[in-house]
Amino acid sequence: MRFITGSNHPSIRCRLGLSCLMLGMITCAVIASGQQRGETSLAGRIQSRVKISDEQGFVHAQLQKLPGVVLAEGSNSQPVGQYHVTTYRIEEVSPAAPLQAEVDGKSVLLDKVWRIAVIGGPFPVRNAPAVIWIDDEPVGFGAESPDLRSISTLVFDRSVLKHGARLALSYGVDHNGRSVLPESINLARTR
Amino acid sequence: MYRPSQIYLAAIMISSVFLIDAKSQSNNGTDPTVPGSHQIATAEYNFGDSAANVPGFPGPVELRGSVTYPADLAGSRHPLIVFVHGRHFTCFTGVFGTLEWPCSAGEQMILSYHGYDYIAQNLASYGFIVISISANGINARDAATSDFGALGRAQLIQDHLNLWNMFNTVGGAPFGSLFVGTIDMQNIGTMGHSRGGEAVVRHFQYNQSLGSPYGIKAVFAIAPTDFNHEIINRVPLAVTLPYCDGDVITLEGVHYYDQSRYNVPGDPAGKHTFLVMGADHNFYNTIWTPGALPGGGSDDWVGFIMGGAGDPFCGTGIGNQRLTPAQQRANGLAYVASFFRTYIGHESQFLPIFATGGFSHSIDPSTVHASYHPPDQPPFRRDLNRFLDPTSLTTSAVGGAINDTGLTPYSLCGGGGAEPTPCLGALFLGQQPHIDSFSPLTGGLSQLITGWNAATATYTYLLPAGQRSALGFQALQFRAGVNFTDGRNGGGAQDLTVTMTDGFGKAVSVRVSNAAPGSLFFPPGSTGPVPKSVLNTVRIPLSSFVGLRLFDIRQIDFKFDQHSSGGIIVTDLAFTSIPLHP
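Residue numbers (this note's numbering), protein chains in the order written: chain A, 1 to 191; chain B, 1 to 582.
I should point out that these hints are in silico values taken from the structure, not numbers from a laboratory.
Check each hint, because a few of them may be wrong.
Interface residues of chain B toward chain A, partial, derived using beta-carbon atoms under 10 angstroms [what the hints assert, rightly or not]: (1) Asn-53; (2) Phe-57; (3) Arg-87; (4) Thr-145; (5) Phe-148; (6) Ala-223; (7) Thr-225; (8) Phe-227; (9) Ile-231; (10) Val-248; (11) Ile-249; (12) Thr-250; (13) Phe-304; (14) Arg-468.
For every residue, glycine included, the Cβ atom is placed at its ideal position computed from N, Cα and C.
Pulled out of the complex, with its shape left as it was, chain A reads as follows (with noise of 0.2 angstroms):
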């Protein structure tokens, strides 16, 4: 994988040659079992491994409204599971201007991320966090939309969009209380 896509201006180009790495929202972290304990959770994995200077969410909240291009996206309209979960949207974005972030320690510049919508509800408003799941593996907390008819995700990493995962919804990094979306991931298009 790359940290950095789509250009090859000197001053975006990844200075990082490490695999399987995520920012922000995002892990590599895999939960072995369907058990779930803290010290192996999503955030944990991301707050050892990875350091932006977002607190306050400012970039995430940027990156959730810029547009972007959709690599791919399902057409279900049948609710699914417990959170009524329907279809799904990828898309690359690209932010205005190239992401610092750090990752053990050293720098990395991004400009391309991708964005995860699972399409549905309307759903809960919880004080437990909405995580989205790929296939096995808890990939961020999610972001409800206004209308709340859509939860999505920033992944910083393009390895883990998986052609033929399937995409879950669940609160806290709870696999049992998955709503597992009917179609999976279709980047035929794409890859």
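Chain A is fixed; fit chain B onto it per the hints.
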């Protein structure tokens, strides 16, 4: 700080102040649900949907709230209580809630901050000024923040305190001089619910970081989140843990108690948890309760737990043990009101009730299992075992030997590091609140996990010279829970005998089930996050050991002689007393 245009807006939007007859009733002082003697008044203030000063928060936040106060304000400065609600829909249209902020045209704002009016009115009738603040703007955008809005909510609380400091000193619209000189800004209690519960913990730290301009003297969190693992000390703390919480299923607010209890030597503040059997998350807030509004209310256990309605304890079928909304409000009122009357109002009658497990069912219809951690001061607590490291398996905190006979396993768990964590292996999220969390917890509560296969098993403490007097203490106490994963319990409650032997060879035994009835209950439920393992204080009054010479106790034996087998989890063994004055 507050621009004229904002004040003008507030002056326009204030609702009329009106008087409520508190209907003071006969009260012997131990029923906190009975209103006090003051007539009360209530009013609104609203400086606009984006008027709050919340530095760095990625969205507009309103500066809006209500105040409930004794109508007879003159004569003394009144303590201030601040309420802050948690995350919920911000607006609704028809039967649908939304997360807009500000609300769009055609939508109505959801007034979550009015959900605790039933508590505010009671406290005002005892002379407290209670403000309840709106945090819908935070709710609309906190998913974008890395701390889930904790700092933003703390800043919002501080902004309201700044506002009320102005009302108290120079006055200002919309109240004019009504509150000038009426508030003791150094005697403040804060109560938050859900993410608001984490907010009051975070705010205690935030206020400290600013040099403690305001005196936060007590903190109460109802069903709080613990995303950020803050630890606060030197302030009385209470946490309500609703057993049938379908939203914050982790009951992670127990961490505030667990992580703070030995954190600061000499901590003068008592700590409490109240595990409320049958309570859900939402019913403490009347606005979040179904039926209050066309949209937004829910029974979170039924709504969020797959198969939850069918759970024999938390569900809705015949024989369930769920509390009705009214019953749950009675619990909330009893504990929140009495907590602030204790630690802010300095009344002494409620502390023994907190420590021993609750009010009578005529006051609070729920069953409450409490934990109480007395101040770390010699008159109130002498730790016999904190169970923090392997040494605690063989040597007590006072230096004497510990022996076990017939106990298996006999080991520590849950604290992280070398200890197996979590204690009970693979369970669903929410079944082990002492380690479960929505965000990482490197170590939870260190606990002794043990069990027995014969009624001859014993666990013995030998008290060394110089540590043998328990004179002045009221009780021997420990935190414990029945291990619901241990088949040796047979799915039932447990019991054991505590025997203490003095220097004259006199041995006196007390059964836990007699001294602390119901304390070793088998956790109920069978769906999703229940049953849960939550440890609660087992408090055995020393007065139960009739004839024992308390000035010369040589040995304490825990005898597992009431059932032929079983498994329990234990921590926090100590001689304790309840302070006469909070």
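We went through each hint and held it up to the structure:
no. : hint    : result
1   : Asn-53  : 14 angstroms, violated
2   : Phe-57  : 6 angstroms, holds
3   : Arg-87  : 5 angstroms, holds
4   : Thr-145 : 4 angstroms, holds
5   : Phe-148 : 6 angstroms, holds
6   : Ala-223 : 8 angstroms, holds
7   : Thr-225 : 6 angstroms, holds
8   : Phe-227 : 8 angstroms, holds
9   : Ile-231 : 15 angstroms, violated
10  : Val-248 : 5 angstroms, holds
11  : Ile-249 : 7 angstroms, holds
12  : Thr-250 : 7 angstroms, holds
13  : Phe-304 : 7 angstroms, holds
14  : Arg-468 : 41 angstroms, violated
In summary, the numbered hints that this structure violates are 1, 9, 14.
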